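Please build the complex by placing chain Z on the supplied structure of chain X, with the hints as guidance.
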Amino acid sequence: MVSNLAVAILNGVVWGLIMALIALGLNLIFGLLHIINMAHGALYMLGAVVAWYVIELTGNFWLALAVAPLVVGAIGLVLERGLLRTIEDKPLVTIICTFGIMLVLQQLVLTYFGGTARRIALPITARFPLFDLQYPVMRIAIAAISLGLMAGLWFFLNRTRYGLWMRGVVQDREMAVALGVPVDKVYMWTFVLGSFLAAFSGVLAAPIVSVDFMMGREILIMAFIIVIVGGMGNLEGSVITAVVISLIHGVGSVFVVPSTATIFSLGFMILVLLLRPQGLFGG
Amino acid sequence: MFLDKGKGAAFAFLYGAVLAALAALPFFADLFYQTFVTEVLVWVLFAVSFDLIFGYTGLLSFGQALFFGVGAYAVAISVLKLGLGTGAGLLLSVAAPVVFAAFVGYFSVKLSGIHFVIITIIFALIASTVAETWTGITGGTDGLVFMAPPLNLGFLKVDLMDIRSTYYLVLGVVSLSCLLLRRMVRSPLGKAFVAIRENEDRARLIGYDVPRLKLVSFVVAGGLAGLAGGLYALSLKYASATFLHWSISGHAVVYTIVGGAGTLLGPMLGAGLIMSLEHHLVNLLQATDLVVGSVLVFMLLMAPRGLVGLLQGRRK
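Quick note, the sequences are listed as chains X and Z, same order. For the first sequence, my numbering assigns the number 1 to the initial residue and increments by one for each residue that follows. For the second sequence, my numbering assigns the number 1001 to the initial residue and increments by one for each residue that follows.
Chain X extracted, bound-state conformation (with noise of 0.2 Å):
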């Protein structure tokens, strides 16, 4: 019981710490552009995708982790420029949009990778003793990389000129464009880190969930979740609801059948919308 109670724990921090990922790029697109995106879950499992591809001709796991949210990242800016800047100040246009690219993104997926489910091999196959059971070193190695590159972003936003643009825009548009701040590029670049950020960590869950073409559904109503707790356009709320809410979801799933669990987690995102529609975190 204690050695399935630590692995579930840990197991909760190490999705939490990927979802937070996942939930970042959405929070980081909706706070600055005000988007909706329907394709992130998309974009997650392009990633993913993108990296098994990437495996398969080379055999490589950090190579794909490299490559795969560059490729994904330059899909988005296509996306951005091509499809979505003519309409960034329509909210439920926006949701439309990007369902509808949601929908080319799957069936695209579907056509060329197949419906069935792939799995990707751990780069790190080493386990280390957690009480009488063994728990995959791999996993301790995903949660570092999300933190390095959650502090990476961090000092991008607050240490950066373009990170500082980048707060300016959401504080006060207008001022923003009145200071200089090419906010044209900034939304670009917004939606591209975004996309380049859903895509690392579809790489990240690769080797613990398995690929395939749906796998960005699910994945997507979590993340809306995770941005409305926390609050959305607040970073530091994504992350913390992020992890609190798969440690519940994965410690609850050892005592409760995991749908019921997942009814729990929709049923209080419903009293935080209806209650604290700014969040949980939020002022």
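For the record, the hints were derived by calculation from the structure and aren't laboratory data. None of these values were measured; they are calculated from a predicted model. A few of these clues could be false.
Per label pair, the in silico range of CB-to-CB distance [said to hold, decoys possible]:
1) Z/Arg1186 - X/Thr86: 44 to 54 Å
2) Z/Val1099 - X/Gly163: 47 to 57 Å
3) X/Val244 - Z/Gly1085: 26 to 36 Å
4) X/Gly82 - Z/Lys1157: 52 to 62 Å
5) Z/Glu1198 - X/Gly163: 14 to 24 Å
6) Z/Val1099 - X/Ala121: 23 to 33 Å
7) X/Arg127 - Z/Ala1095: 29 to 39 Å
8) X/Ala74 - Z/Glu1278: 24 to 34 Å
9) Z/Asp1030 - X/Ser210: 49 to 59 Å
10) X/Val244 - Z/Gly1113: 52 to 62 Å
11) X/Leu271 - Z/Arg1204: 38 to 48 Å
12) X/Val244 - Z/Lys1110: 17 to 27 Å
Using N, Cα and C, we set each Cβ at its ideal position, and we do this for glycine too.
Chain Z in isolation, oriented as in the chain X frame:
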């Protein structure tokens, strides 16, 4: 367009002509094609139900799938588990979704914009998770297969195991529902919905009870989506937990946007066009969603008022 703005006589003539053409269809189309058109008619009803809540009232609801699925299960469960007739099943396929829509709507209409979108997705997701888990009643994702007993309308019996009779039943119910909906959107109530869509604050200031009107629109749309689900289950003799998944609502979104939101003709054209496209393309390439998604994005960017908007634009 003529379906909601046209003069009475012109409308009656056109509607009658389309109905007559559809009624004559089984005499020169094979059974396979009749099944296909039956399905199109069901999705037309589903699409106009979504258009009432989105196109007229301005609320983007992804929860329509919930009511569609509940409607489908209302028919399947009444026939299979409760031993009721098809008629009672169809009545329940409106009544049960109306109850669900009143509950979901009561909470959802308190929110607006994207919060509304997300809460409707979550309600649908809870319902589909429950339906997937509660296999004793719903059959889960495998679903329920049933035999529909004949529907006794008093003056005639509709044999639902026969494709042609099912087609006529669906045609009758869908065309009547569309007429009722037309009546509704042209009434003062319908104008109030549009007022809310155009400017919620102004609608409130001139004295409309906005949350209540939104709830009315939500419940009517839910009931119609349920009826569409009931007819769908009846034509397939099948209902499954996948019907409740929020992404099913996406069908209605696509048809409505492509056809033209805020007009009744739009979703009908959209459903007909997209489904014909899928029907003919499915042999050519398997990737129908690719076409659907591309058409959706293209129309959204190039012709945001849909096919109806294009037709109107050309006429002016």
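Hint by hint, where does the structure go against what was stated? Just the numbers, ascending. Numbers 1, 3, 5, 6, 7, 9, 10 and 11 - these are the hints that the structure violates, sorted from lowest upward.
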